[in-house]
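Chains as they are written, first to last, in the numbering used here: chain A, -18 to 127; chain B, 2 to 167.
Honestly, the hints are just simulated from the structure, not real lab data. One or more of the hints may lead you astray.
[What the hints assert, rightly or not] Here's a subset of chain A near chain B, in silico, CB distances under 7 angstroms, partners left out:
1. Val84
2. Lys89
3. Arg123
[Claimed, not checked] Short, incomplete list of chain A residues facing chain B, as computed with Cβ under 10 angstroms:
4. Gly(-13)
5. Ala6
6. Ile7
7. Ala9
8. Arg94
All C-beta atoms in this analysis are idealised placements derived from N, C-alpha and C, irrespective of residue type, glycine included.
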Amino acid sequence: MTPRHGLALVSVLCALLFVGLFGRAIDARSVSLAECAARPASCEGRELYLGFTRVVAAEGDTVSLRSWMGPVQVTPWLPDEPLPSPGTIISVVGYHGGGLVVVPELVKEHPYRRFKEVTGIAMLGAWLLALGFWVLRRWRHRPSHA
Amino acid sequence: MPDLLTHTLLNVALPAGRLRRRELLVFVFGGVLPDIVSRVPAISISRTIQPIAVSQGVDLDWVVTGFGALHLPLGLLFVVTALAAGLPRFLLDGVPRRRLAALLLGGGVAHLLLDVMQWHVRPSYRYLFPFSMRPLELGWFDSDVGFFAWPILVPLAWWAWRRSDP
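So here's chain A without its partners, still in its complex pose:
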């Protein structure tokens, strides 16, 4: 192994270690709704964040969301915020109200989320295609083929 390959390997290992450290550090500072649903007493009153979650229904002062953890109730809805329509994507900052209930303090609707997702996937696809073609082209023109 050359020093250059060693440097590449060490960098990859450092990146993976950094991913682990960062993930554990964030995990230690926050609670997930899944943990709170399993042990409501230990989470009640702790801050929760639900990012980019789809509204399933909105009635009275309760908004039902669908997340990968299952159905979530956001209640009581903030009086100065209009009730979101079903299908809307929202983010909620609030605190745990027991079980799968979040008491909101701040909410934000993301009306352009779908557009961002579509353009994001299109751009990612374009980048990966371009990279693939470029690697293939460089491979065909590599010096040993000259």
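Fit chain B to the given chain A structure using the hints.
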């Protein structure tokens, strides 16, 4: 985060024709690198493996959030060093490795600088990790509306692309 097209257009425009096109493409790729190495694995895991893991009682939250580390200055430095040192020679296309690293890093830093200007409902970019866990965000524009800049960025990027030497 602003979308990848906004980052791409901005990084094409930023050098204003001072880079050769081959180098410009590396700089532009550096500009999408933080999202590619952090968001793509995180979203992939959260939509495929994580729901299965949760049903088996395995916690993968820390892995999903952990990939955010590659969207931080130090994480980006590791990724760029790995790429610049590890890429096989035939992929370098005549660009020296140190130059490649500088261009990728420059493009990535431009990405992080644009991201730090945003406003999120809950600030989450902890750029100073591992020295501090404090999120940094300037809150100059809503993270959802980066694409409003496309009408300005498209002609700017076109002008910069035409100015750069082939």
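Exercise. Looking back at the numbered hints, which does the structure fail to meet, lowest number first?
Worked result: 1
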